[in-house]
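2 protein chains.
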Amino acid sequence: MSVTAAKGFRAAGIAAGIKENGNPDLALVVNDGPRRAAAGVFTSNRVKAAPVLWSEQALKAGQISAVVLNSGGANACTGPKGFQDTHATAEKAAEVLGRGPIEVAVCSTGLIGVLLPMDKLLPGIETAAAQLSEHGGEKAALAIKTTDTVHKTSVVSSESGGWTVGGMAKGAGMLAPGLATMLVVLTTDADLDGETLDRALRAATRVTFDRVDSDGCMSTNDTVLLLASGASGAVPEYEEFAEAVRAVCDDLGRQLIGDAEGASKDIKVEVVGAATEDDAVEVGRAVARNNLLKCAIHGEDPNWGRVLSAIGTTRAVFEPDRLNVAINGVWVCKNGSVGEDRERVDMRYREVHIVADLAAGDAEATIWTNDLTADYVHENSAYSS
Amino acid sequence: MSVTAAKGFRAAGIAAGIKENGNPDLALVVNDGPRRAAAGVFTSNRVKAAPVLWSEQALKAGQISAVVLNSGGANACTGPKGFQDTHATAEKAAEVLGRGPIEVAVCSTGLIGVLLPMDKLLPGIETAAAQLSEHGGEKAALAIKTTDTVHKTSVVSSESGGWTVGGMAKGAGMLAPGLATMLVVLTTDADLDGETLDRALRAATRVTFDRVDSDGCMSTNDTVLLLASGASGAVPEYEEFAEAVRAVCDDLGRQLIGDAEGASKDIKVEVVGAATEDDAVEVGRAVARNNLLKCAIHGEDPNWGRVLSAIGTTRAVFEPDRLNVAINGVWVCKNGSVGEDRERVDMRYREVHIVADLAAGDAEATIWTNDLTADYVHENSAYSS
Numbered sequence: 001m002s003v004t005a006a007k008g009f010r011a012a013g014i015a016a017g018i019k020e021n022g023n024p025d026l027a028l029v030v031n032d033g034p035r036r037a038a039a040g041v042f043t044s045n046r047v048k049a050a051p052v053l054w055s056e057q058a059l060k061a062g063q064i065s066a067v068v069l070n071s072g073g074a075n076a077c078t079g080p081k082g083f084q085d086t087h088a089t090a091e092k093a094a095e096v097l098g099r100g101p102i103e104v105a106v107c108s109t110g111l112i113g114v115l116l117p118m119d120k121l122l123p124g125i126e127t128a129a130a131q132l133s134e135h136g137g138e139k140a141a142l143a144i145k146t147t148d149t150v151h152k153t154s155v156v157s158s159e160s161g162g163w164t165v166g167g168m169a170k171g172a173g174m175l176a177p178g179l180a181t182m183l184v185v186l187t188t189d190a191d192l193d194g195e196t197l198d199r200a201l202r203a204a205t206r207v208t209f210d211r212v213d214s215d216g217c218m219s220t221n222d223t224v225l226l227l228a229s230g231a232s233g234a235v236p237e238y239e240e241f242a243e244a245v246r247a248v249c250d251d252l253g254r255q256l257i258g259d260a261e262g263a264s265k266d267i268k269v270e271v272v273g274a275a276t277e278d279d280a281v282e283v284g285r286a287v288a289r290n291n292l293l294k295c296a297i298h299g300e301d302p303n304w305g306r307v308l309s310a311i312g313t314t315r316a317v318f319e320p321d322r323l324n325v326a327i328n329g330v331w332v333c334k335n336g337s338v339g340e341d342r343e344r345v346d347m348r349y350r351e352v353h354i355v356a357d358l359a360a361g362d363a364e365a366t367i368w369t370n371d372l373t374a375d376y377v378h379e380n381s382a383y384s385s
Numbered sequence: 001m002s003v004t005a006a007k008g009f010r011a012a013g014i015a016a017g018i019k020e021n022g023n024p025d026l027a028l029v030v031n032d033g034p035r036r037a038a039a040g041v042f043t044s045n046r047v048k049a050a051p052v053l054w055s056e057q058a059l060k061a062g063q064i065s066a067v068v069l070n071s072g073g074a075n076a077c078t079g080p081k082g083f084q085d086t087h088a089t090a091e092k093a094a095e096v097l098g099r100g101p102i103e104v105a106v107c108s109t110g111l112i113g114v115l116l117p118m119d120k121l122l123p124g125i126e127t128a129a130a131q132l133s134e135h136g137g138e139k140a141a142l143a144i145k146t147t148d149t150v151h152k153t154s155v156v157s158s159e160s161g162g163w164t165v166g167g168m169a170k171g172a173g174m175l176a177p178g179l180a181t182m183l184v185v186l187t188t189d190a191d192l193d194g195e196t197l198d199r200a201l202r203a204a205t206r207v208t209f210d211r212v213d214s215d216g217c218m219s220t221n222d223t224v225l226l227l228a229s230g231a232s233g234a235v236p237e238y239e240e241f242a243e244a245v246r247a248v249c250d251d252l253g254r255q256l257i258g259d260a261e262g263a264s265k266d267i268k269v270e271v272v273g274a275a276t277e278d279d280a281v282e283v284g285r286a287v288a289r290n291n292l293l294k295c296a297i298h299g300e301d302p303n304w305g306r307v308l309s310a311i312g313t314t315r316a317v318f319e320p321d322r323l324n325v326a327i328n329g330v331w332v333c334k335n336g337s338v339g340e341d342r343e344r345v346d347m348r349y350r351e352v353h354i355v356a357d358l359a360a361g362d363a364e365a366t367i368w369t370n371d372l373t374a375d376y377v378h379e380n381s382a383y384s385s
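Line order of the protein sequences matches chains A and B.
Quick note on the working numbering: the first sequence kicks off at 1 and runs consecutively.
Quick note on the working numbering: the second sequence kicks off at 1 and runs consecutively.
Think of the hints as simulated: they come from the structure by calculation, not from any bench.
No incorrect hints appear here.
A pair counts as met if it fits within one copy or between any two copies, since identical chains are not told apart.
25 Å max Cα-Cα, derived DMTMM-like pairs, lysine to aspartate or glutamate:
| hint | residue 1 | residue 2 |
| --- | --- | --- |
| 1 | K268 | E379 |
| 2 | K265 | D375 |
| 3 | K334 | E364 |
| 4 | K265 | E379 |
Assemble the whole structure, with the sequences as input and the hints as a guide.
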């Protein structure tokens with residue numbers, strides 16, 4: 001159901017010919033209102049793709065009526081021509097839909113440093129507009145895939161409240177915090193203003209997408225949009241709505257990790273006993289980005305020494321001789337030294353759970369990552385992205 | 001010639017039985033004086049192995065008569081017993097050599113979190129002492145190898161000055177700045193005090209070992225020692241001596257990169273046009289640590305978009321639309337966008353040269369790294385280190 005689970009939205013996904021292999025590559029999501037409120041968060045990479053620069057401006061203008069998304073090209077590092085192309089994309093969608101161009105957000109994903117084939121993209125917008133449907137969410141989710149092996153959607157509904165939050169995501173490589181590298185469009189039929197959407201979205205991404213770190217690499221195109229149509233007429237309590245947005249983001253984030261390029265393990269790095277949440281996040285990221293540890297996990301080796309050497313690179317509050325580490329429930333490191341027998345650690349399953357206890361306070365945070373595999377190397381040495 | 005190229009030093013390398021495969025695993029380097037000045041730099045990892053904690057103390061006491069080095073175990077994260085073992089190692093060497101224990105530095109390398117087999121290590125010190133020789137430098141270099149495929153030595157002599165700087169290094173994985181993960185012992189017969197050695201050593205490591213970043217992982221055991229015997233009687237000019245130390249460190253650093261685990265490419269990341277040297281180093285490290293770029297280089301794909309997306313994660317001064325990137329002499333990115341034809345980039349050879357021009361000033365720095373390969377994954381998922 002994806003982005004059309006909530007009332008007031010239509011979507012489409014088509015093959016416009018941007019991808020040479022003929023796979024779907026263009027999605028359109030339209031908010032039919034009555035409200036057209038929106039919020040967004042974007043990559044913190046200082047090298048931002050043209051569609052990111054455009055969509056940031058569009059959001060400032062206050063309302064988003066439609067989102068055009070393409071795979072097959074990131075339109076990043078493409079200079080003034082790249083920005084003109086994004087602008088032309090928004091103009092075309094606005095014309096077809098009878099709205100203003102500044103109400104159209106644009107998202108692109110694919111190879112950096114290549115101009116988009118506008119002769120295919122612009123006619124594709126007309127084709128997609130003609131296929132817009134209240135059941136088009138799945139097709140839209142399919143059209144934004146790059147190296148994703150599956151499309152990702154999620155829906156949470158409040159039966160008592162009569163409102164829904166749904167969404168779609170793409171992303172398989174270049175997954176790193178602030179944000180995980182991806183495009184995400186969330187929709188709701190709740191009747192909320194942009195400020196409330198912004199508050200709920202930032203609260204959600206901070207503890208979900210921002211804590212997904214597949215390979216430490218941050219993209220130029222990350223975009224997460226939340227659009228509200230108000231079509232349900234329901235005005236939810238903020239806390240309930242924020243929790244629904246968080247749940248959808250969490251589910252989509254887990255789907256991104258579960259489909260990360262070449263990965264054979266999903267690794268949950270849970271940092272506890274930290275002096276502050278910032279410390280916990282810093283330690284979690286350092287552990288999640290340690291290539292040697294990621295290789296060890298791939299080899300089903302509970303190599304806790306690599307966890308400690310990663311923790312040691314951080315500025316977090318801790319004493320080396322008070323650190324504890326558990327892998328899949330076995331405390332293999334106690335007080336910075338040898339703990340329970342590492343032979344007891346069972347690592348046969350896809351999910352691996354590492355707990356790093358800093359013994360310095362009560363704060364905690366969880367970062368999700370993947371193992372490092374020969375398949376990751378193969379996929380990213382053979383594929384330009 | 002290694003650590004015995006300079007006069008006043010003897011060394012030995014033996015198989016003490018620490019490694020189960022019977023390979024050499026214990027080295028001894030002795031300074032016969034007349035001077036016993038020394039300087040050292042150690043890992044900036046906050047989780048420090050017992051021998052690092054011990055050797056830092058020994059250096060503070062002012063003179064180093066001998067260094068005991070073992071492979072086959074890092075003696076890191078081994079608690080109070082691990083520190084006692086390092087202490088006992090120094091005591092044993094001091095006893096055999098007729099010196100004080102606080103004059104004995106200790107270096108260990110190998111698996112983290114496992115106690116050393118002291119019943120083999122202590123008798124090994126006696127065996128090694130009996131084999132000390134002015135020609136023992138190569139054997140010592142061989143005995144400190146872990147996953148190194150070759151041993152690493154280097155020598156620079158001043159013919160006019162009549163003095164020499166020589167050294168040995170080990171290190172193949174866990175190579176990252178501050179320092180590259182490794183053990184290095186340098187010796188000189190120049191007649192210099194500890195303060196001068198310290199100044200020259202820090203100046204050298206800052207621009208050599210500190211700028212080697214094979215896999216972004218920082219070890220718990222990094223140690224670089226510089227010992228002076230004064231046996232040549234020569235007192236070199238500081239600048240000439242410092243340059244010799246820098247040259248030996250640079251050579252050994254390049255040998256480390258050339259032998260990095262699983263690597264098929266040595267990548268020189270040269271950052272130019274930076275506002276400050278710190279900016280240049282930060283950008284160089286960000287590029288050198290980007291797994292996606294490292295995979296692309298492995299695939300001989302001049303994927304400059306991944307260079308830009310790495311630069312964008314830094315705090316360095318730059319404007320995205322003024323960035324330029326050359327790969328092997330071809331400016332594939334100009335003004336943040338598409339530059340010369342990427343088809344012109346020839347990447348068939350082991351060395352790859354990336355120039356990132358920030359167009360923001362005159363400062364520059366070079367970081368050396370490797371590509372990311374399936375062999376790296378294999379070696380580090382099958383081997384506990």
